[in-house]
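J.: Using the sequences and the hints, build the whole thing.
The primary structure of each chain is shown beneath.
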Amino acid sequence: MNADIDGEHSLLGSYAVGALDDLEFAAFERHLEQCESCRDEALELTDAVAALADAQAVAPPAALRSRVMQEVSRTAQVTPTLRHPTVSAVRRRRWPALVGAAASLLAVAGVGITYATHDAGPDVSALERSVVMLASAPDAHSMELAIGSSHLVMSEHMDEVAVMGHEAPMPADGMEYQLWFVMEDGTAVAGPTFMPDKSGDIMALSDADCAKITAFEVTVEPQGGSESPTGDMVASVVL
Amino acid sequence: MSEKRSLRIVRDTPSAPDSPPDADERAAALSRDLIACARGDERAFESLYDAISGSVFGVTLRIVRDRAIAEEVAQEALVEVWRIAARYQPDKGSARSWILTIAHRRAVDRVRSEQAHSDRLLTHGRHFDASHEQPDDVVDVAYGRWEADRVRQGLDTLTARQKEALELTYFKGYTNKELAEALGIPLGTAKARIRDGLIKLRDSWEER
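Top to bottom, those sequences are chains A and B. Oh and the first sequence: position 25 is 25 in our numbering, straight run, nothing missing. Oh and the second sequence: position 171 is 171 in our numbering, straight run, nothing missing.
In case anyone wonders, no lab produced these hints; they're calculated from the structure. Beta carbons: idealized from backbone N, C-alpha and C, even for Gly. Check the hints yourself; a few may be wrong.
[Stated by the list, open to error] Computed far set for chain B versus chain A, every beta-carbon distance over 12 Å: (1) D22; (2) E25; (3) A29; (4) R67; (5) E114; (6) Q115; (7) T159; (8) A160.
[Claimed, not checked] Taking beta-carbon pairs under 7 Å as the criterion, some of the chain B residues facing chain A (in silico): (9) L61; (10) I194; (11) L198.
T.: The following block contains the structure:
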């Protein structure tokens, strides 16, 4: 447990100076919600960083002010209920992430894909923690995924793949998203299924033999997932 | 508009004062303004603009190194602050740092998207071209002058490597992974350098 916390603690400086990629950033913000000591230090370090910025202050040209005010007067504002990575950390969030993943587990000889044993139980923080650790792996590789504003991150070193994002559209009734691993020989191996929560957040994590994967696909499948893709492909990432 | 502006107090201190110019009060005022912005209060936004646009413009200029682009980025960032003001949560951090984070991310994104055309990020040289336009004397940069002195003194307590880590990540937009790669150091060392540097900076001010 301490090793985990140290692992995340080490990201505090990078978080404060904005040196985390999008996925690490979102995952770390979620971690902050769980960890008071990180939160306290984050407040201090982000203020130190704000001082670095203040020290650069340069008066902008006067015309900028009127341009900004003009733009502001015609810009609609978001309402407080809309979610955003910086807001989400405050509310306790739950991902119905890997429900049904076990059901769709395919035994593929030699491929060696297994699922992390998270479900929609109370242990969401463990899932979040695992995703943070994955995202901060030295070889973590983040790719955009066209489901709302989402990323897929993989690490060959950890042999894990995560999907995380927000503003994901809700699939039709009785359907959910499913991730597929397209292997070297062209077969699509079933990955976890996942659903957006009420705010449109998605998060899923899976062990995967990353070295043998050539592409990722996401389809919409009947609840519980399928053994091979049957539904529409909504996103894909070719490696 | 011009009538309103002429009534504004122009804080124009030629040299940096020894003590923080009411740092707590300024922080509280900015937080109040930002919260009022969330309710659609444009006057509160004007006041927020005057308090922070100097820092927003300064930091974007430092990152994108081009005055015209910095103006665009600063404008986008400030309008974004207005647009998503409702998402600011006072218990999670200061209004100042929330706004500057938005500006920083925009500036870094801009540099990254321009990288396809040029290697601006890696180019060294002049930070920006001189402007032919009059600077906005309503905007508060006196705080920045005081802060610049404080930051300079704080940075003096850092090792050269810690300073380099902050420079490359915050002002050049490197991620911690890119930092590790650029310097040929393990990722863990890179993360520690950034964090240790910031902790030293913070501690240097607490001791004073």
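J.: Which numbered hints are broken by the structure, listed smallest first?
T.: Structure breaks hint 4 only.
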